[in-house]
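Given chain U's structure and the hints, the job is docking chain W with the ligands onto it.
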Amino acid sequence: MSSIPAPLQPLQAIGRSFLNIVRTTGAVAVFAGRAVLAVALPPWFPGQFARQLIGVGYLSLPVVGLTAAFTGAALALNIYTGGGRFNAEQIMPQIVALGITRELGPVLAALMLAGRVSAAFAAEIGAMRATEQIDALHTLSTDPFRYLIAPRLAAAVLVLPLLTVVADIIGIAGGWVVATRTLDFNATVYIRNTWDFLQSWDVVSGLIKAAVFGAIIALMGCYHGFNSSGGARGVGRATTNAVVSAAILIFAGDYLLTTVFTHT
Amino acid sequence: MSEAPPKLEWRSVAKRFDGPPVLRSVNLSVAAGHSLVIMGGSGEGKSVMIKIAAGLMPLDSGQILIDGQDVAAMPARERRRLPARFGMLFQGGALFDSLSVWENVAFRLINADGVTRRQAKLRALEALDRVRISREVAEFYPSELSGGMQKRVGLARAMVANPEIIFFDEPTAGLDPVTGRAINALIREQVKSLGCTAVSITHDLNSARHIGDEIAMLSGGVIVWRGAAADIDHSGNAMVDQFVHGDP
Ligand SMILES: Nc1ncnc2c1ncn2[C@@H]1O[C@H](COP(=O)(O)OP(=O)(O)OP(=O)(O)O)[C@@H](O)[C@H]1O
Ligand SMILES: [Mg+2]
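In order, the protein sequences belong to chains U and W.
Position 216 of the first sequence, counting from 1, maps to 216 under our numbering, and the rest follow consecutively.
Every position in the second sequence, counted from 1, becomes a number in our numbering once 264 is added.
Only chain U is shown next, with the shape it has when bound in the complex (with noise of 0.2 Å):
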């Protein structure tokens, strides 16, 4: 098609972007329906089920805690530092509680889980493509949707909040032994001030932020899997799509989430 004049080319090559940004949107938007369809109505395979709970959520639960107790710890220096510079460092234990429950749990988990679940679900289904595993599926009576795929968004939308409630207990607790240990914090005071000051609705729109992000990695793990081609070398890229594409969606659902949650 080199009819077009050379001015006019980078328009085409816009125009062809949007295009594919648009293709992939909708095909995305298919598939996550026939996800959620497969979920809600039977049959369903709770042997799968629970297979995906133990290796989505239990196997999590190390380096999730790790990252939260590192981070919370951070946290707590950095904002004692900052908070110093108005006479304010009283105030760090409410900070670092509101920052991990509202942000850094939710989107530290599932950062995690981008990179361990994702890559593990494109990585399994796009071998399974590629050795025909799902076609067998097909010939044996059983929808692929509903025997791999639904298992693992509802396990991912089930277990990030949990894993969430746990980053957020250990963050804190990793903000509390900095500020013990290091800075000049009284520990009851510590956990009295936090308690206090943290609302229901901080720790709940967290959790509502993890179910999201869980949907995001279960199906973008799933579908770019499911839509691998080309044996190992597509299953690669299948796995790469899978983990930058999930980060992307998460942080920009945190930014959505955010604004929506801050205007209500």
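Just some of the chain W residues that point at chain U, by a computed CB distance under 7 Å:
no. : residue
1   : 320
2   : 347
3   : 348
4   : 354
5   : 358
6   : 371
7   : 375
8   : 376
Residues from chain W that face chain U, not an exhaustive set, calculated with beta carbons under 8 Å:
no. : residue
9   : 318
10  : 350
11  : 352
12  : 360
13  : 372
I should point out that these hints are in silico values taken from the structure, not numbers from a laboratory.
Where is the CB? At the ideal position from N, CA and C, for every residue including glycine.
Just chain W with the ligands now, with coordinates in the frame of chain U:
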């Protein structure tokens, strides 16, 4: 000849991926209770043909008819029930690597047919016995098996639920001659004693003669010859002769 329509029919089926068409216009049918063998060079589109028939791949134009009914024109409910009437042995086995050998074979019984795990395991072990896979091996995972063993497990999985139509994509490739003959006999028996319809792909002429009532030759995207298995040696078709004699 009876008036019954063929069990399965490809009617002017065409399919292309990027590049030249793989199938131009395939016309072929197999009667109920018969065994059809498709032969043809590597990359001619044999696997594509049976994947289209099994509903795993969309076709560009043409029709697939089951019992004389156009699949595309079937009501959605009936079309959804079609896979339950098929069995398929994939060229690469396509075993589920997260499940043990017997769970692979019992998969459809447990997950789609609502058979209890105990019952399903018994039936799976029986099916594995027929493809000469022992009970110890039934507890292994597919990654622990040789290629030929995986193929036989795939065969057991395709046949365990006694489907109406079974597709075998190179059932004896990679097997030693003794096991290969046993598998040929098994496919033969499945057709003769259970009355199912079989469509097999093979490169092995002996195998084709043994399991096929009829043989069809796919070349250049069309069926260039089709006849009784007994006529393969004097087909009068240059392309078939070339295949039979292995001339380059
Ligand atoms: N999913 C696919 N995407 C793109 N091209 C494909 C796909 N499946 C098959 N093809 C192409 O279609 C052609 C026929 O492939 P097919 O697997 O049917 O060959 P075959 O006759 O079974 O060969 P063999 O005897 O080697 O198994 C090949 O050129 C292959 O590249
Ligand atoms: Mg093939």
